[in-house]
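Asker: Sequence:
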Amino acid sequence: MNIEDIHTWFVELGGRYGVDPLIFGAIYLGAIPFFTISVAWLVKNLKEKKPVLLPAVLSGFFFISAYLYLIAAGRNVPFWVYLVIVALVASGAWSTLRTIRKKLSQKENEP
Numbered sequence: 556m557n558i559e560d561i562h563t564w565f566v567e568l569g570g571r572y573g574v575d576p577l578i579f580g581a582i583y584l585g586a587i588p589f590f591t592i593s594v595a596w597l598v599k600n601l602k603e604k605k606p607v608l609l610p611a612v613l614s615g616f617f618f619i620s621a622y623l624y625l626i627a628a629g630r631n632v633p634f635w636v637y638l639v640i641v642a643l644v645a646s647g648a649w650s651t652l653r654t655i656r657k658k659l660s661q662k663e664n665e666p
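Quick note: the sequence shown uses the numbering used here, first residue 556, plus one each step.
Treat the hints as calculated values from the structure; they're not laboratory data. If you're wondering where the values come from, they're calculated on a predicted model, not measured in any experiment. Beta carbons are placed, not taken as given, at the ideal position from N, Cα and C, and that holds for glycine. Warning: the hint list may mix true and false statements.
What the hints assert, rightly or not - Once the Cα atoms are required to be at most 27 Å apart in a straight line, the calculated DSSO-like pairs of lysine-lysine come out as:
(1) 605 x 658
(2) 604 x 658
(3) 657 x 599
(4) 599 x 658
(5) 602 x 657
(6) 657 x 605
(7) 658 x 602
(8) 604 x 657
To be verified - Here are the simulated distance ranges between beta carbons:
(9) 607 x 566: 36 to 46 Å
(10) 644 x 606: 20 to 30 Å
(11) 600 x 647: 16 to 26 Å
(12) 588 x 661: 19 to 29 Å
(13) 607 x 584: 18 to 28 Å
(14) 600 x 638: 29 to 39 Å
(15) 562 x 615: 30 to 40 Å
(16) 615 x 584: 11 to 21 Å
(17) 650 x 572: 25 to 35 Å
(18) 642 x 600: 21 to 31 Å
(19) 566 x 608: 35 to 45 Å
(20) 659 x 612: 16 to 26 Å
Turn these sequences into a full structure, and let the hints guide you.
Answerer: Right under this line is the structure:
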């Protein structure tokens with residue numbers, strides 16, 4: 556199996572389920588800087604005891620934006636894919652919360 560075979564399989568898989576892999580990838584990669592900025596904004600607001608609703612909502616949206624595309628555009632997507640999405644989102648949310656807590660504790664220890 557060469558790279559061309561993998562590319563063909565990937566594109567056919569996207570076509571079968573109505574999800575363009577390039578759009579999914581673009582959303583996934585394109586959301587990374589916005590997610591990072593919104594998490595930094597969230598940490599800053601938590602530290603300064605300012606409202607966190609907007610940065611928290613934006614962080615969540617950017618975190619799941621590619622999966623929202625898959626759910627909205629996908630047709631006849633196997634059920635196990637939704638289970639994987641739930642597992643990925645739960646794992647990522649847990650990891651993000653740990654990162655936020657770590658950054659908050661670091662900022663509290665700074666002079």
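Asker: Against which earlier hints does the structure fall short, listed by number upward?
Answerer: Checked against the structure, no hint fails, so every one of them is satisfied.
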